[in-house]
Amino acid sequence: MHGFPLDPQRREIWRQAEGLQCWRGFSIDSGKGLVRAEELSFVAGAPRANHKGAVVILRKDSASRLVPEVMLSGERLTSGFGYSLAVADLNNDGPGSGCPLLL
Numbered sequence: 005m006h007g008f009p010l011d012p013q014r015r016e017i018w019r020q021a022e023g024l025q026c027w028r029g030f031s032i033d034s035g036k037g038l039v040r041a042e043e044l045s046f047v048a049g050a051p052r053a054n055h056k057g058a059v060v061i062l063r064k065d066s067a068s069r070l071v072p073e074v075m076l077s078g079e080r081l082t083s084g085f086g087y088s089l090a091v092a093d094l095n096n097d098g099p100g101s102g103c104p105l106l107l
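In this text, residue positions in the sequence shown follow the working numbering: the first is 5, and each later residue adds one.
Accuracy of the hints is not assured; some may be wrong.
List time: in silico DMTMM-like cross-link candidates among lysine to aspartate or glutamate, alpha-carbon distance up to 20 Å [stated by the list, open to error]:
no., residue 1, residue 2
1, Lys36, Glu73
2, Lys36, Asp97
3, Lys36, Asp65
4, Lys56, Glu79
5, Lys64, Glu42
6, Lys64, Glu43
7, Lys64, Asp33
8, Lys36, Asp93
By construction, these hints were calculated from the structure, which means they are not laboratory data. Just so we're clear, the structure is a prediction, and the values are computed from it rather than from any experiment.
Can you make the complete structure from the sequences, with help from the hints?
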């Protein structure tokens with residue numbers, strides 16, 4: 005899985021995950037502390053993006069728009085990366101740990 009920050013000035017949330025059948029928003033969740041401590045982030049999956057799947061982490065800006073911050077891309081063709089996700093604090097250290105693959 006490869007992650008990289010996204011330019012917050014861009015209005016196209018998933019330019020790198022474009023495609024007719026990417027299934028953007030197929031899975032969604034939210035949690036605090038994913039990118040910054042005590043800040044609520046939103047997470048959305050696109051299991052068919054670029055045939056490998058993708059997950060994007062977004063935050064809400066001052067105008068209540070969702071701004072992309074990080075995009076994680078799957079590594080293998082047809083892996084379904086982003087098909088399901090969950091934000092949970094698995095080790096009880098405060099921030100969400102993430103699923104289905106604990107990072």
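For each hint, the structure was consulted:
1. Lys36 <-> Glu73: 14 Å, holds
2. Lys36 <-> Asp97: 12 Å, holds
3. Lys36 <-> Asp65: Holds, at roughly 15 Å.
4. Lys56 <-> Glu79: Answer holds: Lys56 to Glu79 is near 6 Å, not above 20 Å.
5. Lys64 <-> Glu42: 13 Å, holds
6. Lys64 <-> Glu43: It holds: about 9 Å lies between the C-alpha atoms, which stays within 20 Å.
7. Lys64 <-> Asp33: 14 Å, holds
8. Lys36 <-> Asp93: 10 Å, holds
The structure is consistent with each of the numbered hints, conforming to all of them.
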